[in-house]
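Visitor: Spelled out from the first residue to the last, the chains are:
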Amino acid sequence: MHPTLPTSQRGRLQRLHLANGITLLLGQNPTVEILAAHCFFRGGSRVEQPQQAGLSHLLAAVLTKGTRQRNSQAIAAWVESLGASLSVDSAADHFEVGLRCVAEDFPELLQLLAEILRDPSFPEAEVARERELMLQAIRAQQERPFNLAWDQVRQALYGDHPYALPGLGRLETVGSLTREDLLAYHSTYCRPEGMVMAVIGPEPPETMAAQVEAVLGDWVSAGPPAPDPNLPLPPLEKPQLLKLSQPTQQTTIVLGFRGSPASSADYPALKLLATYLGSGLSSRLFVELRERGGLAYEVSAFFATRRDPAPFVAYLGTAAENTPVALERLQAEIQRLHDTLLSSEEVGMAQRKLLGQYALSKQTNAQVAQLAGWYEILGLGMEFDQQYLQRVRQLTPAHLQQAAKTYLVNPAIALVGPEEALAKVEL
Amino acid sequence: MSRLPRLLPAYTHRLNSGLRVILHPVPIADSATVDVWVQTGGRNEPPQWLGISHFLEHMVFKGSERLAPGELDRAIEGRGGITNAATGQDYTHYYMTVAAADLPETLPYLAEAVLRAGIPPEEVERERQVVLEEIRRAADDLGYITYQLLMETAYGEEHPYGRPVLGRPETLRQLTPELLRAYHRGWYRPEYMTVVVTGGIDPEQTLALVEKEFGGPARGPAWTRPPIPPQPRPQGILRRESTHARLEQARLKLAWPTVSLDAWEQVCGLELLAAVLGDGRTSRLVHLLREQRGWVRAIGCSSLVLKEGGLFCISAQLEVEDLPRVEATLLHEIEKLQQDGIGQAELERARRMLTHELLFSAESPSQLASLYGYYETLVGVERLQEYLELLQAFTPAQIRELAQQYLSPEAYVVALLKPAASNAAAASELQLACR
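Protein chains in written order, with the working numbering: chain E, 494 to 920; chain L, 815 to 1249.
To be clear, the hints were calculated from the coordinates, so they are not data collected in a lab. Be a bit skeptical, because a hint or two may be false.
To be verified - Now the stretches of chain L that chain E is said to cover, found in silico as 3 or more residues with beta-carbon under 8 Å:
hint	region
1	838-849
2	884-898
3	937-946
4	1056-1068
Stated by the list, open to error - Computed footprint of chain L on chain E, listed as stretches where at least three residues anywhere in the stretch have a Cβ under 8 Å from a Cβ of chain L:
hint	region
5	505-519
6	730-741
7	822-835
8	840-847
Using N, Cα and C, we set each Cβ at its ideal position, and we do this for glycine too.
Work out the full structure: start from the sequences and follow the hints.
Guide: Right, dumping it as structure tokens:
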């Protein structure tokens, strides 16, 4: 039988620095034969020049499509013949290469992973095809009413800041991206110094560290790193109402605010407010607008985790004729957070929910590795995992009211739905 | 992996009441998941009460005589747990995940709500609005519309699988509190239910707990499965198209009726065939149509498993002008496979991918509970191991035979969603090319 090991032990990762600047976060979980490895690089949409929006996403689509040694099919055949998965994702503040496999296949796949990170060839034909499919994806994104609403909210909240754009970029920027752009982006951001790699598997950390060092330890960067961009945020001086008419059955209402960066002392309070408002079947919005009001099926709220001030969003979909009343009720719920101090029972309930559900979101090796690596690449350090929870426990009703008054002001409100329904709504 | 993983649950019991209980301790977990499966869903619904299983699932969260609406949610989420439910054609299930230490205190809430749903009339009226919103939301979801169009076309209005599990506005209006209660009594009975508990649990204590909370006898008479017509088999190419104003890219689905779950060996072989054709970048269809030719933005292949007969389905998202050549190529590829068969390496790849996908999908207690409950409800949980063994046993020749037997290039179903050209109004047409 397996030795018993409490879950917290899997969360207790060791940090190790390689000489070339790679940070390794290593955890052992001998109870499953599954290994998860996630490599993080600073970059993502946040570092894209405005005219290159979508570049990081294109890199994610093409990175595994060829190395100096192997073409796309050879790479895929290697991964698939071992029943593993290898994925590249671009996010707002970083991009990430994830591997999941049966642990005994790790040394072999690690070779391939290193080759992909160090020597991608970005074949011209692959770049052209993925660029074309990205253009199609940008159009297809508009099929979802939520995306149409969210796009407008993001634009209103972020102006010239890259968070204004969808990760896919825009038709006019993606169309002109080139292989040279990818090579430049790769050499600037895909580099050992600053790279974070989180690995959780059944072997002891020392073993995994030695395996990684053997293939990535001699990787050195070609040029200088890019300076961190200084990104302006537009002032938000008054609420904005944005309407887009569409022949849909429901109206989608998205209410967005600009919250704090993850590094702010206010971050835990905004996370708890989002939990209170919109997380689960007992949340305030679910109970008031769905259970009691019958106004929606989907109603929720979230607050993102970002390096720069992150969006705080509440949204729902409602029958066209209910558009004005649903918006009014949603706004009233935000106003209530300004005007009324929540009871300590309400805050206690939200705290227990956040803490418990946070623990439940770390059930697999991949989930644990992903979160630790993400905190590390954001500059918060993997210890943020516990610091954050500690701060959530200390929050009081007054903290939440203060955070609501500071951040939940001057919303950008987007409505997507039938024209007649939208016409009835004014600020 | 050189040896076959063993995925069967540690303990399976049948209580005197007929209730099946599956328990599986997971050494590392400090959470526990309870997943309650009921053998009813769309397939048991008479057409005039369409949507009753799903509506009842919503009403379960509205409490009982002893439980106020929303109290179940508060009890579980207030302890940091999560709970939810889902309804399909062949099943309805309710699940919760909590810290393992909270299991004894939270399980009674779930049992009370599921077994003794009160279904108060004023809550029925209120929740009807929510379900109507869910239907409107689905009507704005183009992926859902394509799927539903395929199901309607492949099964027809006479077969329950051809009808939406969500129901329709006009049938929802027929559902009274009395009807919902009668349906609940008829199906939510020990002999039709399975309770799965996984995670950081002690099997003996957990069995006693489940027996105490779920071990009671049924109330009132059982309902039995309505007879279901045989799965329709198209005599030719059955094509259904519809256009949509908000659609940017066409959606194409090609499907072939397959087998019921009694033919378990074929079900497993069809999974391999689907993986050979459409799982991963080196699979035949992804390689050719996405990677080489760039004619589709996405393509996939799946064997849809349903108790009374499934579908082998190829789905693609593409530009409308590429539709003719993509459909022709798909058929050509199928004929090629039927003539030339598949290679040993191709089969090995598919085997390995499916085996590992199953292994990965069973890593957390909540995933594992869902897997066990699903298998037990549809085919019996012991089939899980059999599935793994069968995956290893198939030969290339057998996979080719399955393709020959089920994927006729002359008789299949097509569901197609096209962007509305200029100002053409939404239209739907039905063609039957009889041979």
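Visitor: Next, verify each hint and record whether it holds.
Guide: Hints and how they fare:
1. 838-849: Answer holds; 6 residues pass the 8 Å Cβ test.
2. 884-898: As far as the region 884-898 of chain L goes, the hint holds, because 11 residues have Cβ atoms under 8 Å from chain E.
3. 937-946: holds (count 7)
4. 1056-1068: holds (count 5)
5. 505-519: violated (count 0)
6. 730-741: n = 3 at 8 Å, threshold three: holds.
7. 822-835: violated (count 0)
8. 840-847: holds (count 4)
The structure fails hints 5 and 7 (numbered hints given earlier, in ascending order).
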